[in-house]
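Position one of the sequence shown corresponds to residue 1 (my numbering), numbered consecutively onward.
If you're looking for bench data, these hints aren't it; they were derived computationally from the structure.
Treat the hints loosely; a few may be bogus.
Cβ pair distances, simulated, as ranges [claimed, not checked]:
(1) Ile78 to Glu42: 13 to 21 Å
(2) Gln4 to Glu50: 34 to 42 Å
(3) Gly90 to Val52: 12 to 20 Å
(4) Val25 to Gln81: 22 to 30 Å
(5) Glu39 to Gln4: 42 to 50 Å
(6) Glu42 to Gln4: 29 to 37 Å
(7) Ala13 to Gly90: 30 to 38 Å
(8) Pro17 to Asp38: 13 to 21 Å
(9) Gly66 to Gln4: 34 to 42 Å
(10) Leu9 to Arg87: 34 to 42 Å
(11) Gly66 to Lys44: 29 to 37 Å
Think of the CB as a built atom: it goes at the ideal place given N, C-alpha and C, for glycine as much as any other residue.
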Amino acid sequence: PLPQVPLSLETLALLLPFSASVAAVGLIETLLTQQLVDEMTERKTETHVECVSQGVAQVATGFTGGMGGCAMIGQSLINVQSGGRTRLSGLSC
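All chains, please: the whole structure from these sequences, using the hints.
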């Protein structure tokens with residue numbers, strides 16, 4: 001069962017600093033991973049598209065009761081070194 005948290009401005013003001021901090025860490029890790037993968041594959045990825053996509057996904061995940069996530073450096077580098085070059089290859093790691 002989900003906890004019963006009142007939806008009010010006071011609750012949002014209490015949660016905002018923590019949620020913004022977690023979002024910033026996830027975004028920084030994703031952009032770092034993206035930069036490393038771009039260097040390894042000699043490709044250029046649009047960073048603004050990645051930022052917007054991750055933000056939309058995190059908000060959608062929150063409304064469905066799931067857990068947000070971000071790119072993982074170790075998993076991504078192993079995937080690239082193993083020959084993965086598309087986003088679909090991340091499903092097999």
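Handout entry: Violated hints - listed by number, lowest first
Key = Those not satisfied are hints 6, 8 and 9.
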